[in-house]
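Residue numbers (my numbering): 5 to 388.
DEER-style ranges, computed between Cβ atoms:
(1) 155 to 317: 22 to 28 angstroms
(2) 301 to 155: 21 to 27 angstroms
(3) 381 to 38: 47 to 53 angstroms
(4) 360 to 100: 36 to 42 angstroms
(5) 64 to 191: 19 to 25 angstroms
(6) 206 to 236: 35 to 41 angstroms
(7) 170 to 67: 32 to 38 angstroms
(8) 78 to 375: 47 to 53 angstroms
(9) 355 to 191: 27 to 33 angstroms
(10) 360 to 323: 25 to 31 angstroms
(11) 375 to 62: 57 to 63 angstroms
(12) 323 to 38: 55 to 61 angstroms
What the hints contain is simulated information worked out from the structure, not anything from laboratory work. Model, not experiment: these values are computed from the prediction. Cβ coordinates follow ideal geometry from the N, Cα and C atoms, glycine included.
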Amino acid sequence: MMKSFIHTFCIKSKITAQEFNMLKNKYNNRNFWTKGNREYALSIFADNGIRIKITPCKEIERQMDKEHCYNKVEIIVTLFKLLHPGKCMGYVTSKDDIVEVSKRIIQLLNKIYDESNVDLLKRAKIKRIDITKDVITPSDIYTREVIRLAKCTLLPYGYKVWKPTEEQEMEHPEWKREDAVFINKNSREMNYKIYNKKADLANQGEDLENLGDKGIVRFELSLKGKILWNLGIIESETISLANLIDILDKITENADMLLNLYVVDTLAIGDILSKKILIKYIRSICGSKVKKADKLVRYIECLNKGNTSIYGSAKCIRYVEREFNKIGVSPLYAIKECPYIPAYEKLVAGDIHEDEELLRFAKRYNEKRGHEYIYWNLSDIDSL
Numbered sequence: 005m006m007k008s009f010i011h012t013f014c015i016k017s018k019i020t021a022q023e024f025n026m027l028k029n030k031y032n033n034r035n036f037w038t039k040g041n042r043e044y045a046l047s048i049f050a051d052n053g054i055r056i057k058i059t060p061c062k063e064i065e066r067q068m069d070k071e072h073c074y075n076k077v078e079i080i081v082t083l084f085k086l087l088h089p090g091k092c093m094g095y096v097t098s099k100d101d102i103v104e105v106s107k108r109i110i111q112l113l114n115k116i117y118d119e120s121n122v123d124l125l126k127r128a129k130i131k132r133i134d135i136t137k138d139v140i141t142p143s144d145i146y147t148r149e150v151i152r153l154a155k156c157t158l159l160p161y162g163y164k165v166w167k168p169t170e171e172q173e174m175e176h177p178e179w180k181r182e183d184a185v186f187i188n189k190n191s192r193e194m195n196y197k198i199y200n201k202k203a204d205l206a207n208q209g210e211d212l213e214n215l216g217d218k219g220i221v222r223f224e225l226s227l228k229g230k231i232l233w234n235l236g237i238i239e240s241e242t243i244s245l246a247n248l249i250d251i252l253d254k255i256t257e258n259a260d261m262l263l264n265l266y267v268v269d270t271l272a273i274g275d276i277l278s279k280k281i282l283i284k285y286i287r288s289i290c291g292s293k294v295k296k297a298d299k300l301v302r303y304i305e306c307l308n309k310g311n312t313s314i315y316g317s318a319k320c321i322r323y324v325e326r327e328f329n330k331i332g333v334s335p336l337y338a339i340k341e342c343p344y345i346p347a348y349e350k351l352v353a354g355d356i357h358e359d360e361e362l363l364r365f366a367k368r369y370n371e372k373r374g375h376e377y378i379y380w381n382l383s384d385i386d387s388l
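All chains should be modelled from the sequences, with the hints used to inform the complete structure.
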């Protein structure tokens, strides 16, 4: 089973008005594009995995800056593309690859310095690191259910689902709401998204024939400066070849742990069944305890309608949630076309077995009724 890996990371820097003009003079307009509010992007290295965005600083930012830098710079690095220019899908996890990636980043930024006399590393700091895990699903229907259910989950305090504005949706008309969920923490030092990677690749014109009818769901965690400092991943603001290798190596080594800590643990809802199978399973588990089963079924209805307040007091809700945890199933249910979906913890860890009790229960339920649906199997959990 493939590890989680660093997909991209972002370096932030600043440049003066003079340095900005030096860049523009060296790299003519053919290599710049403009996108509203004077945002520029240096795109000549995009196929090599480095995108450079330049935006004006706010007036207060310029006043507070000792050098009165006029522009902010974001250097977004896609690790796999650095090693395999032009390709979209792949990952970097080995120490040798991390060393090579770090060398190429420094080489490309030094190349810009040699050509334009603008040192983008002079004021540079690590702004964000994105950790990713791709999981194969039985179909796009399953992918979208994994995303939809994450939107419905009762998140821990401080976490919330972010909804794009109409303007943001118009900016990216290719994205459909059912293809992504974005979850933020109040501190704004971390966020994550779960999205339909197959749809994303299709939008980029990638050949997906090898996937057939299967889908890809991507879990992507973004960690920002303060958390990276607190975790001891960043220990120096200076970006050099040595500390860049160290940072990327530490993140790669701990990527699975970080994804579990900040993503999986917030979605701890148990295995997911379709509605009728879930109710049948609850009544089967409760046996003669009919009143207990009725309470659980009633909670299912309240939760899936998005209104747990009508169920009862906070104490009643805590009790029923504990009961679902004991049973090991989610009170959220999937659509009938997805009879069984592994818990998010199992999805990310690849801990799915063909003899899983709930998977067998779902199959038996549908077979008795002559329903034919697609189910998870061991080959579906392999990441790309």
